[in-house]
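2 protein chains.
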Amino acid sequence: MISREQHDRMANAIRFLSMDAIEKANSGHPGLPMGAADVATVLFSRYLKVDPKTPLWPDRDRFVLSAGHGSMLLYSLLYLTGYEDMSIEDLRQFRQLGSKTAGHPEYGHAAGIETTTGPLGQGLANAVGMAIAERRLREEFGSELQDHFTYVLCGDGCLMEGVSQEAIALAGHLKLNRLVLFWDDNRITIDGAVSLADSTDQIMRFKAVRWNTIEIDGHDPDAIAAAIEAAQKSERPTFIACRTVIGFGAPNKAGTHKVHGSPLGVEEIAATRKALHWEAEAFVVPADILDDWRGAGSRSVAQRKAWEGRLAAAAADRKSEFTRRFAGTLPSDLDASITAYKKTLAGKPPVVATRKASEDVLEVINGALPEMLGGSADLTPSNNTKTSQMASITPTDFSGRYVHWGVREHGMAAAMNGIALHGGLIPYSGGFMIFSDYCRPSIRLAALMGVRVIHVLTHDSIGVGEDGPTHEPVEHMAALRAIPNLLMFRPADAVETAECWQMALKQRHRPSGLALSRQNLSPVRLSHEAQNLCARGAYELIAADEAKVSIFASGSEVELAVKAAADLTDKGIAARVVSVPCFELFAEQPAAYRASLIGNTPVKIAVEAAIRQGWDCFIGRDGDFVGMQSFGASGPGKDLFRHFGITVEAIVAVALGKLPPASVA
Amino acid sequence: MISREQHDRMANAIRFLSMDAIEKANSGHPGLPMGAADVATVLFSRYLKVDPKTPLWPDRDRFVLSAGHGSMLLYSLLYLTGYEDMSIEDLRQFRQLGSKTAGHPEYGHAAGIETTTGPLGQGLANAVGMAIAERRLREEFGSELQDHFTYVLCGDGCLMEGVSQEAIALAGHLKLNRLVLFWDDNRITIDGAVSLADSTDQIMRFKAVRWNTIEIDGHDPDAIAAAIEAAQKSERPTFIACRTVIGFGAPNKAGTHKVHGSPLGVEEIAATRKALHWEAEAFVVPADILDDWRGAGSRSVAQRKAWEGRLAAAAADRKSEFTRRFAGTLPSDLDASITAYKKTLAGKPPVVATRKASEDVLEVINGALPEMLGGSADLTPSNNTKTSQMASITPTDFSGRYVHWGVREHGMAAAMNGIALHGGLIPYSGGFMIFSDYCRPSIRLAALMGVRVIHVLTHDSIGVGEDGPTHEPVEHMAALRAIPNLLMFRPADAVETAECWQMALKQRHRPSGLALSRQNLSPVRLSHEAQNLCARGAYELIAADEAKVSIFASGSEVELAVKAAADLTDKGIAARVVSVPCFELFAEQPAAYRASLIGNTPVKIAVEAAIRQGWDCFIGRDGDFVGMQSFGASGPGKDLFRHFGITVEAIVAVALGKLPPASVA
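From first to last, the protein sequence lines stand for chains A and B.
In terms of full-length UniProt numbering, the first sequence opens at residue 1 and continues consecutively.
In terms of full-length UniProt numbering, the second sequence opens at residue 1 and continues consecutively.
Fair warning: there could be bad hints in the mix.
To be verified - Distance ranges between label pairs, derived from CB positions:
hint: 1; chain 1: A; residue 1: R187; chain 2: B; residue 2: L334; range: 39 to 49 Å
hint: 2; chain 1: B; residue 1: S630; chain 2: A; residue 2: I88; range: 22 to 32 Å
hint: 3; chain 1: A; residue 1: A535; chain 2: B; residue 2: K348; range: 55 to 65 Å
hint: 4; chain 1: B; residue 1: S630; chain 2: A; residue 2: A535; range: 21 to 31 Å
hint: 5; chain 1: A; residue 1: R187; chain 2: B; residue 2: N520; range: 27 to 37 Å
hint: 6; chain 1: A; residue 1: A591; chain 2: B; residue 2: L334; range: 46 to 56 Å
To be verified - Below, in silico cross-link-like pairs of lysine-lysine (DSS-like), each with a Cα-Cα straight-line distance of 25 Å or less:
hint: 7; chain 1: B; residue 1: K356; chain 2: A; residue 2: K258
hint: 8; chain 1: A; residue 1: K175; chain 2: A; residue 2: K49
hint: 9; chain 1: B; residue 1: K49; chain 2: B; residue 2: K175
hint: 10; chain 1: B; residue 1: K274; chain 2: B; residue 2: K49
hint: 11; chain 1: B; residue 1: K343; chain 2: B; residue 2: K356
hint: 12; chain 1: A; residue 1: K24; chain 2: B; residue 2: K638
hint: 13; chain 1: A; residue 1: K638; chain 2: B; residue 2: K24
hint: 14; chain 1: A; residue 1: K175; chain 2: A; residue 2: K233
hint: 15; chain 1: B; residue 1: K207; chain 2: B; residue 2: K175
hint: 16; chain 1: A; residue 1: K506; chain 2: A; residue 2: K319
hint: 17; chain 1: B; residue 1: K356; chain 2: A; residue 2: K356
hint: 18; chain 1: B; residue 1: K258; chain 2: B; residue 2: K274
hint: 19; chain 1: A; residue 1: K343; chain 2: A; residue 2: K506
hint: 20; chain 1: A; residue 1: K274; chain 2: A; residue 2: K24
hint: 21; chain 1: A; residue 1: K506; chain 2: A; residue 2: K563
hint: 22; chain 1: B; residue 1: K49; chain 2: B; residue 2: K319
hint: 23; chain 1: A; residue 1: K175; chain 2: B; residue 2: K638
hint: 24; chain 1: B; residue 1: K49; chain 2: A; residue 2: K207
hint: 25; chain 1: A; residue 1: K305; chain 2: A; residue 2: K53
hint: 26; chain 1: A; residue 1: K207; chain 2: A; residue 2: K233
hint: 27; chain 1: B; residue 1: K207; chain 2: A; residue 2: K207
Note that these hints are calculated values from the structure, not bench results.
Glycine included, C-beta positions come from ideal geometry on N, C-alpha and C.
Construct all of the structure, not just a fragment, from the sequences and the given hints.
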């Protein structure tokens with residue numbers, strides 16, 4: 001049992017480590033770590049089920065600091081509870097280049113950082129995904145192997161962000177009762193009092209989405225403990241509103257926005273030391289307090305060992321499956337299944353939209369990979385994401401593998417990140433490509449963290465047709481290709497769609513997006529190749545001796561390129577076609593392959609029903625581009641392709657216009 | 001007084017026009033127009049203050065169809081109430097290329113379409129902006145000139161989107177009591193029942209953000225009327241939950257998701273004709289019903305005339321100011337003010353961050369332009385957006401011109417679109433550039449609609465420093481430049497910042513973004529030029545005879561380019577520098593200017609602390625780029641520039657590496 005005095009000193013250890021590190025860095029946010037130290041101390045010293053020496057224990061509780069600017073709270077806790085790769089020296093290196101202790105918590109920098117946070121609202125939505133993963137895996141593997149809580153700490157900023165509102169509505173709907181959200185209710189934001197911009201009754205707001213709600217004094221350890229215990233017994237997710245004082249303990253600045261985002265300064269730190277009766281020097285935690293913390297950190301070792309015993313005792317196939325799933329490795333027969341599926345297409349390649357081709361190969365993948373967790377942001381019949389294996393998850397039944405995310409693209413993408421971070425599952429989404437804009441902050445974070453989430457982005461161009469420019473991606477391929485570490489695929493037919501899915505699944509540490517057509521496409525890969533040609537990002541689809549023209553195209557425009565090449569050949573002009581399903585994989589190929597694929601034909605044309613940006617790396621500044629220069633329009637898709645000049649005739653005309661007359665036969 | 005029978009027939013006119021147009025197009029969404037026809041009929045026939053013959057009357061009520069897929073509801077209403085540019089032929093052309101009647105309502109296609117909707121949640125947030133504009137202008141010009149309501153119709157999808165949650169929280173906080181939201185509560189989404197994905201108690205949810213709430217049967221005209229009258233008297237924004245049947249009237253499909261997004265089919269339409277006792281042929285509205293509708297449409301002519309009388313009687317300066325403001329023209333002395341301001345910088349150009357330079361020129365602009373309405377998403381002290389003229393708007397006092405948007409970037413951007421669409425004001429935001437991702441859907445819509453909103457995007461690169469990669473834009477310039485019709489400015493110093501602001505203000509029909517540095521920058525424009533050099537998008541900052549090297553740079557990297565050019569010159573290599581504050585304006589220059597500015601030096605180098613994508617249009621595929629290839633990192637900004645190799649030395653090394661040895665003196 002931790003006495004009140006012990007508690008206070010343990011919490012103060014967080015406060016001083018935070019103040020001192022921020023002061024040393026001359027940069028950072030002391031307000032939250034000081035204000036939320038009591039909540040964190042009770043949670044980490046008495047309830048959080050983790051073992052710092054086995055930080056990746058699959059059944060650990062997850063803790064997410066959604067208010068990522070308060071990163072020193074988390075770093076202090078990791079050090080204090082005994083995570084081996086968080087030393088006092090790491091705390092001294094706060095916010096320095098190359099340190100583990102970045103300005104905001106960065107996933108992968110140190111064990112115990114469960115997700116990258118900072119962009120507000122994201123962590124909360126990640127946590128919803130983690131709770132979904134836990135609930136789903138508990139259903140699959142039983143509570144002997146999966147039975148943990150997900151705790152989140154957020155501030156006012158997180159709650160004002162729309163993404164958090166989407167996430168909490170879904171969490172309430174799905175009755176994710178292992179999810180506990182602490183709200184650091186300090187009533188201060190950067191501009192000043194929260195009341196400058198918000199009058200929300202947060203308790204009522206959470207009740208409206210079916211959460212259990214509790215209000216406490218966030219500096220009262222007993223109240224905090226009682227709230228956590230009540231939350232653990234709830235049948236609904238629990239919102240614990242913790243009334244706190246930002247910068248608690250700083251005699252002159254506490255309770256004001258001055259402590260939010262700037263170092264306290266030497267004088268105020270000295271005053272705080274006095275006020276909190278803290279005599280230790282900077283970065284020194286008195287031995288007895290460190291002992292208390294380390295003891296608290298090792299609280300769950302026995303539980304971890306018992307869990308390991310249960311895993312060891314599990315049936316061999318269940319054990320190996322569980323282990324494989326958390327290792328993130330794919331079943332060895334996946335490649336063979338996809339190759340076999342490709343073989344079924346040979347000779348009778350279907351004329352289908354790539355969204356439908358995606359459904360067909362997903363039928364194979366979802367059959368082979370029980371870790372696939374699908375879903376759609378209320379566009380299931382349009383995204384073709386629900387294969388025969390995908391029963392719907394409901395609030396009372398998690399035996400299914402398909403989430404109806406509602407019209408919540410952003411919440412979906414952020415929760416998918418949480419699912420992937422949790423481990424054991426590979427989430428894929430369904431959405432219109434245009435709405436990748438709604439989920440962009442979460443897609444970026446997936447790329448930054450390097451997690452395997454797969455976004456199925458259908459309706460990928462003006463081929464959308466009648467729904468018009470609000471639903472027609474034009475700049476989205478370019479804008480998504482711009483995100484580092486994200487693979488964007490735009491397959492041309494059923495074979496390429498299968499190959500692109502295969503490549504996306506193989507990215508253990510990268511997210512992918514698949515841009516898929518609404519409209520039917522003629523196949524371009526007519527013969528069977530066991531090899532995955534899309535694996536190199538771009539490949540020669542049609543070769544030509546002494547080619548004068550190279551046509552580079554992706555997705556729905558590859559069939560136009562193929563027809564244009566045939567027309568040109570008929571006119572005596574040798575033309576080759578390069579299919580470009582993935583810029584990023586192409587960029588990773590050896591220079592020789594890239595140079596030879598790009599080639600030296602006098603005419604280079606790129607074709608994509610989107611803007612030119614990015615294509616110059618294939619065709620150069622002097623190359624030609626057949627694509628979009630503006631937003632789309634509303635009308636039948638075929639009319640739009642004609643109207644915007646993305647046609648076989650346009651490609652042929654560009655080539656003819658560019659070739660010196662002599663070269664035309 | 002409209003009898004119940006008249007009402008029913010008027011509502012059915014909407015239903016049949018919608019059904020018939022969707023059937024003819026073989027594409028569209030009949031469910032909402034049929035389900036919401038009663039609500040719309042009561043509103044448009046009895047309450048909405050508009051004059052179809054004077055559709056741009058500044059004091060008209062605004063009506064926003066946030067559920068934009070129900071576009072035929074709006075088109076039918078515009079035709080029925082007598083808007084001259086919405087004929088029956090236009091309805092027949094529904095969803096055809098070039099028609100006014102696009103798949104979703106497109107601003108600018110026809111009078112009476114107050115905003116472009118379709119991406120869910122946006123219209124509702126636009127309407128919050130319109131209500132802010134009305135309230136602010138009422139404060140400024142008095143209720144003789146501004147005194148109207150803003151009505152919105154939304155569905156479940158809008159309410160699930162996070163952006164709408166941000167917007168309603170702000171509307172409740174600001175007590176926007178002229179805002180009335182109808183919720184078409186039909187309990188159906190594309191995937192099926194709303195209950196698949198949501199359990200929200202919407203009434204409680206709106207009460208939690210301080211709205212007035214009313215629940216009614218959405219097919220009962222008396223109840224609808226009573227609700228509107230109660231809303232008009234409310235001191236808070238009002239949420240009217242209208243229980244409806246989707247596809248009301250279709251005997252076999254009403255109440256199911258089958259009527260949401262597909263034509264009903266010939267048989268079901270015939271059955272609906274029978275069920276609703278409607279004998280007119282397709283696209284024919286019986287004369288008596290059309291008369292009733294046209295009469296309803298001209299209801300407010302007297303009010304419009306009285307308003308015109310009040311405007312005519314107003315004091316000359318007040319009248320001319322009001323007229324100028326709604327015409328969207330700038331005061332003629334703005335240019336002179338900015339030139340005079342630039343002159344004050346000459347000779348003593350300050351070393352400042354461009355965010356600070358922006359504040360300084362905004363001080364001039366906000367003094368000259370009373371239509372400027374500023375704000376920040378809770379980053380006021382970091383964005384430097386609050387100049388001396390900008391008192392804060394509060395729920396009870398709209399005499400200020402500054403909105404504390406809260407941590408709601410998306411809601412802010414969407415509401416800004418509404419403010420610009422309303423007329424009379426020019427909204428500008430404040431936010432971190434990284435969070436442009438959060439507002440991207442709204443920025444895109446601003447560009448699609450062509451409205452003048454200006455986004456101040458500070459902290460524009462790894463210069464952010466310690467906050468780390470979650471807060472450092474890397475791909476954002478490229479991703480924003482990808483949006484058609486959006487101007488992205490990245491000024492290099494105080495002079496360029498003033499020039500870029502001037503250009504942004506001059507875009508009557510385009511949105512702009514200003515990417516501004518957190519860190520201090522050395523000035524690059526040392527002498528005074530009255531001319532706005534940024535107006536051409538890119539210009540030669542440093543010329544050199546027989547230059548061997550051209551260095552193209554934007555923003556904070558221009559000073560590096562200038563120093564590198566000096567170093568190269570010292571080494572005997574003539575180097576010129578081109579400052580590139582705005583790609584889009586440059587692309588609009590005559591070909592000769594573009595070609596000569598790009599030039600033919602053997603070495604071309606682009607420098608931007610961001611990814612290369614897009615720069616090939618200056619340097620070509622074989623040019624060199626000094627910038628980012630990955631996400632950023634956490635550390636002092638100067639360390640990061642060194643770490644990522646964005647330095648004077650790196651630029652010089654690239655040039656030396658590329659030049660044939662003989663050319664080096």
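Now for the hints, and whether the structure bears them out:
{"no.": "1", "hint": "A/R187 <-> B/L334: 39 to 49 Å", "verdict": "holds (40 Å)"}
{"no.": "2", "hint": "B/S630 <-> A/I88: 22 to 32 Å", "verdict": "holds (30 Å)"}
{"no.": "3", "hint": "A/A535 <-> B/K348: 55 to 65 Å", "verdict": "holds (59 Å)"}
{"no.": "4", "hint": "B/S630 <-> A/A535: 21 to 31 Å", "verdict": "holds (23 Å)"}
{"no.": "5", "hint": "A/R187 <-> B/N520: 27 to 37 Å", "verdict": "holds (33 Å)"}
{"no.": "6", "hint": "A/A591 <-> B/L334: 46 to 56 Å", "verdict": "holds (52 Å)"}
{"no.": "7", "hint": "B/K356 <-> A/K258", "verdict": "holds (20 Å)"}
{"no.": "8", "hint": "A/K175 <-> A/K49", "verdict": "holds (21 Å)"}
{"no.": "9", "hint": "B/K49 <-> B/K175", "verdict": "holds (21 Å)"}
{"no.": "10", "hint": "B/K274 <-> B/K49", "verdict": "violated (34 Å)"}
{"no.": "11", "hint": "B/K343 <-> B/K356", "verdict": "holds (17 Å)"}
{"no.": "12", "hint": "A/K24 <-> B/K638", "verdict": "holds (17 Å)"}
{"no.": "13", "hint": "A/K638 <-> B/K24", "verdict": "holds (17 Å)"}
{"no.": "14", "hint": "A/K175 <-> A/K233", "verdict": "holds (13 Å)"}
{"no.": "15", "hint": "B/K207 <-> B/K175", "verdict": "holds (12 Å)"}
{"no.": "16", "hint": "A/K506 <-> A/K319", "verdict": "holds (23 Å)"}
{"no.": "17", "hint": "B/K356 <-> A/K356", "verdict": "violated (52 Å)"}
{"no.": "18", "hint": "B/K258 <-> B/K274", "verdict": "holds (20 Å)"}
{"no.": "19", "hint": "A/K343 <-> A/K506", "verdict": "holds (20 Å)"}
{"no.": "20", "hint": "A/K274 <-> A/K24", "verdict": "holds (19 Å)"}
{"no.": "21", "hint": "A/K506 <-> A/K563", "verdict": "violated (32 Å)"}
{"no.": "22", "hint": "B/K49 <-> B/K319", "verdict": "holds (22 Å)"}
{"no.": "23", "hint": "A/K175 <-> B/K638", "verdict": "violated (48 Å)"}
{"no.": "24", "hint": "B/K49 <-> A/K207", "verdict": "violated (37 Å)"}
{"no.": "25", "hint": "A/K305 <-> A/K53", "verdict": "holds (12 Å)"}
{"no.": "26", "hint": "A/K207 <-> A/K233", "verdict": "holds (17 Å)"}
{"no.": "27", "hint": "B/K207 <-> A/K207", "verdict": "holds (11 Å)"}
When held up to the earlier numbered hints, the structure conflicts with 10, 17, 21, 23, 24 and fits the remainder.
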